[in-house]
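S.K.: Chain residues, written in single-letter form:
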Amino acid sequence: MALFHSCCLPTPSPPQLLSFRNSTSKYLLFTPAATPSRCRFPKLSAAVAVESPPASSADGVDSPKLLLEVRDLCAVITESRQPILKGVNLTIHEGEVHAVMGKNGSGKSTFAKVLVGHRDYEVTEGTVVFKGENLLDMAPEDRSLAGLFMSFQSPVEIPGVSNIDFLQMAYNARRRKLGEPELSPLEFYGYIAPKLESVNAKIEFLSRNVNEGFSGGEKKRNEILQLAVLGADLAILDEIDSGLDVDALRDVANAVNKLLTPTNSVLMITHYRRLLEFIKPTYIHIMDDGRIVKTGDISIAEVLEKGGYKALSAT
Amino acid sequence: MAVSAFTPIYHFNPSEPSTPASLPTFFLKPTRVKATKPHRIATKQPHVTSSTTLVAALSDPFVLQIAETLEDSLSSTSSPSPPPLQKLRDTSSESLLSTPWPSRKDEPFRFTDTSLIRQSDITPTSHPPQSFTLLGVSEDTHFPNLAIVDGYVVDSLSNVSGLPDGVFVGGLSSLNSEVVMNRVSEFVSNFEGDLFWSINGVGAPDLIVVYVPEGCRLENPLHLRYFSVEVGNQESNKLPVSNPRVLVLVEKGGEIGVIEEYVGGDGNANCYWTNSVMEIVLGDGAKVSHSYIQSQSLSAFHIKWTWVRQESTSTYELVEVSTGGKLSRHNVHVQQTGPDTVTELSTFHFSGSDQTQDLHSRIVLDHPRGVSRQLHKCIVAHSLGEAIFDGNVQVNRHAQQTDAGQLTRSLLLEPRASVNVKPNLQIIADDVKCSHGAAISDLEESQLFYFQARGVDIQTARKALIFSFGAEVIERFPNTSTRKNVESHLQKLLAPTLRSQ
Chain C
1 MALFHSCCLP TPSPPQLLSF RNSTSKYLLF TPAATPSRCR FPKLSAAVAV
51 ESPPASSADG VDSPKLLLEV RDLCAVITES RQPILKGVNL TIHEGEVHAV
101 MGKNGSGKST FAKVLVGHRD YEVTEGTVVF KGENLLDMAP EDRSLAGLFM
151 SFQSPVEIPG VSNIDFLQMA YNARRRKLGE PELSPLEFYG YIAPKLESVN
201 AKIEFLSRNV NEGFSGGEKK RNEILQLAVL GADLAILDEI DSGLDVDALR
251 DVANAVNKLL TPTNSVLMIT HYRRLLEFIK PTYIHIMDDG RIVKTGDISI
301 AEVLEKGGYK ALSAT
Chain H
1 MAVSAFTPIY HFNPSEPSTP ASLPTFFLKP TRVKATKPHR IATKQPHVTS
51 STTLVAALSD PFVLQIAETL EDSLSSTSSP SPPPLQKLRD TSSESLLSTP
101 WPSRKDEPFR FTDTSLIRQS DITPTSHPPQ SFTLLGVSED THFPNLAIVD
151 GYVVDSLSNV SGLPDGVFVG GLSSLNSEVV MNRVSEFVSN FEGDLFWSIN
201 GVGAPDLIVV YVPEGCRLEN PLHLRYFSVE VGNQESNKLP VSNPRVLVLV
251 EKGGEIGVIE EYVGGDGNAN CYWTNSVMEI VLGDGAKVSH SYIQSQSLSA
301 FHIKWTWVRQ ESTSTYELVE VSTGGKLSRH NVHVQQTGPD TVTELSTFHF
351 SGSDQTQDLH SRIVLDHPRG VSRQLHKCIV AHSLGEAIFD GNVQVNRHAQ
401 QTDAGQLTRS LLLEPRASVN VKPNLQIIAD DVKCSHGAAI SDLEESQLFY
451 FQARGVDIQT ARKALIFSFG AEVIERFPNT STRKNVESHL QKLLAPTLRS
501 Q
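Those sequence lines, one after another, are chains C and H.
If you read the first sequence in the UniProt record's numbering, its first letter stands for residue 1, the second for the next number, and so on.
If you read the second sequence in the UniProt record's numbering, its first letter stands for residue 1, the second for the next number, and so on.
Incorrect hints may appear among the rest.
Sample of chain H residues facing chain C (criterion: CB under 8 Å; computed from the structure) [as the list claims (entries may be wrong)]: (1) Pro108; (2) Gly405; (3) Ser446; (4) Gln447; (5) Val456; (6) Asp457; (7) Thr460; (8) Phe469; (9) Glu472; (10) Arg476; (11) Pro478.
Below are the DSS-like pairs computed for lysine-lysine, each with C-alpha atoms no more than 27 Å apart in a straight line [stated by the list, open to error]: (12) C/Lys202 x C/Lys219; (13) H/Lys433 x H/Lys422; (14) C/Lys65 x C/Lys294; (15) C/Lys219 x H/Lys422; (16) H/Lys287 x H/Lys238; (17) C/Lys177 x H/Lys433; (18) C/Lys177 x H/Lys492; (19) H/Lys326 x H/Lys492; (20) C/Lys86 x C/Lys103.
Because the hints were derived from the structure by calculation, they are not lab data.
What you are looking at is a predicted structure, and each value in this text was computed from that prediction instead of being measured.
Using N, Cα and C, we set each Cβ at its ideal position, and we do this for glycine too.
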């Protein structure tokens, strides 16, 4: 079902947002003329989306919709107050695939964790707007329910909680949020079985405890299974390729590619070009010392592969 | 031959559980012990002779008074006691003469405060139980079962029909078989416990016997349901004490499951004291699967002894979940009397109110190739709640190639909640594999975040993690119905705990 977006002038009334009842719903944002701003809250005035009867698809494709806008994001480690992010700017539209590369310690993973609200980090400056809402004001679980997903670089083990119970809990939280009835264990099993197949995981996966005793490859596969089950408008994949052999990498990448649609986006963090051969990025960003210092297309990765980060800074 | 004794003592009182990162976690790696120097720890108490002067000097008038009251209450029943019961009473009264009421200065009671019992007006429960307006007695069980009310078997509420030939379940007074009677005589009161063990011996109205003959395997478990009908309340200070005593005797190759359930009902203001003893004797190759559920009134005192004697190649498995009682203490003593035994203790204690949960366990291995596995978990979810664990494993000189593992984990969920754990291994044999570990923590922040990152709110996440902590023990109950009942009981207990957070 297609949506028609009627454009309105910014009004002082509160933003009138559709609930995420439909994964294809789109948001049109109105931002004032780009004035560099250091204030904590975004200066957008309204975000309006109105559902209407099916319209011709031509109406929707004129320009891709803004999904995530990060401005001058600064963050420190909560405990030590050590600054890690020092003014990150990044804009992601629907349907785009972005890759962030950079040296160890350049702040890539911190950036991902800050976006999902990890408590180890505290945002000191800047704004993050996700689907028209101030992301930084939201609790981690609300960010997830709003359509943001991060696959953990090293997922934690949870003994005593089975994978299927965990997934069902998370999936039902999503259904509650959408005002849909929760699925019973049996119904949920019917829902999850094909997802399991899509990531090439065995059925025993479900009865095992969350990540307990999983190999590195199984843990990554489990992250992608969660992505497949929960769905996401923006999936942040933090080093999804680390610790994987070629076959497992192909499986994981295939699963991610299957989940890609014209409206959802991927932000992947990686050290290696190999992943980019499987999941083709629209943009590559190079991160250094807490900032994105260079943005370009796949050719950046090629320069990087040949001459390392030195070669990039020389250009 | 040498001694190697590990006794780390962790005394814990976190002031800020909201910062779990600052709480240390203790975990000791499995230790393989190879020792060379000959030494031995003297652990045996000097034997006290019962010459009158000495007794007079050591007697505690308060204890003697309890003993007298108990004896008086039982002498009113006219029929003569069967010899084993008489023997039990005699030896127990004798040891009471020289056993004072324990204080915090006594090592086994260092962390356990029994003064509240002492300050109460202790009165024996009367026989027969006066009323049957029993809370929850109607609760159904589809297994062969005995209802034990205030320490007395109530036949009208029990059903032990359909047991295989040769199996006896019931009071010693109704036992007709001379053979079984002689076997019971052999094993009765062969052990010296503490004061509470002896009080039970004096006050037990009958000895309940569960006898499984050689080679007999019971398909269904035997369900022992303990009820407390005669109760006091806080105002009256009256504390009715009941002394149920059970002997489970499983001959060579026999197998039985025993579910011991202390039913609470909904009277959490009811004061009573259950002072219970179960002795379990396993012949060669016998197997006992023991489920023990304690959910008594939160104003009750529950002192329990489980004494186990394992002959060669026998298997004893205990799964315990204790949630009730103002003070609840379980003493487990496992004595190995032959090689190749298997012992598994899995226990879960939940202290969700102003209450103390205590486990004192001792496994004594004297023969080769014994395997023992112990897992103790506890949650303290109240600022005045307390948990105590003293887990002793003795691997003596002849217990070569023993494989003994012990792990205890505690969750402290409230400020000022406290836990005292004292895992201790005494190893004298020199070719053994022993491990122990102790961990005390709040819920893992990283695990909570993982739930949140998948859209699950923090309350639900906490609940799932707390529940899963206990589930590791609960899922070891051999019976599905037991498991289900305990799970739903725990869910109910967790609900208010989680609301308050």
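S.K.: None of the hints should be skipped; say for each whether it holds.
M.R.: Tested hints:
With 8 Å as the threshold, the beta carbon of H/Pro108 stays out of range of chain C, its nearest partner Cβ sitting at about 32 Å, so the hint is violated. Hint status for H/Gly405 relative to chain C: violated, with the closest Cβ pair at about 17 Å, above 8 Å. For H/Ser446, the interface hint holds, the least distance from its beta-carbon to any beta-carbon of chain C being 5 Å, beneath 8 Å. Because the smallest distance between the Cβ of H/Gln447 and any Cβ of chain C comes to about 5 Å, under 8 Å, the interface hint for this residue holds.
For H/Val456, the interface hint holds, since its Cβ comes within 8 Å of a Cβ in chain C; the closest pair sits about 5 Å apart. Hint status for H/Asp457: holds, given a least beta-carbon distance of 5 Å to chain C, under 8 Å. Against a cut-off of 8 Å between C-beta atoms, the interface hint on H/Thr460 holds, since the closest Cβ of chain C lies about 7 Å away. A hinted interface residue such as H/Phe469 counts as satisfied when its beta carbon comes closer than 8 Å to some beta carbon of chain C; here the least separation is about 6 Å, so the hint holds.
For H/Glu472, the interface hint holds, the least distance from its beta-carbon to any beta-carbon of chain C being 5 Å, beneath 8 Å. For H/Arg476, the interface hint is violated, since its Cβ never comes within 8 Å of a Cβ in chain C; the closest pair sits about 12 Å apart. About 19 Å separates the beta-carbon of H/Pro478 from the nearest beta-carbon of chain C, more than 8 Å, and the hint is not met. Distance check on the hinted pair: C/Lys202 and C/Lys219 sit about 13 Å apart at the alpha-carbon level, within 27 Å; holds.
In summary, the hint linking H/Lys433 to H/Lys422 is supported, as the alpha carbons are separated by about 20 Å, within the 27 Å threshold. Between C/Lys65 and C/Lys294 the alpha-carbon distance is near 23 Å, which keeps this suggested pair within the 27 Å criterion. The straight-line distance between the Cα atoms of C/Lys219 and H/Lys422 is roughly 36 Å, outside the 27 Å bound, and the hint therefore fails. The hinted pair formed by H/Lys287 and H/Lys238 fails the criterion: a straight-line CA distance of about 41 Å is larger than 27 Å.
Proposed proximity of C/Lys177 and H/Lys433 is contradicted: the alpha carbons are some 52 Å apart, above 27 Å. A threshold of 27 Å between alpha carbons decides the hint, and for C/Lys177 with H/Lys492 the separation of about 25 Å falls inside it, so the pair holds. For the proposed pair H/Lys326 and H/Lys492, the alpha carbon gap of about 18 Å is at most 27 Å, so the pair holds. Proposed proximity of C/Lys86 and C/Lys103 is supported: the alpha carbons are some 15 Å apart, at most 27 Å.
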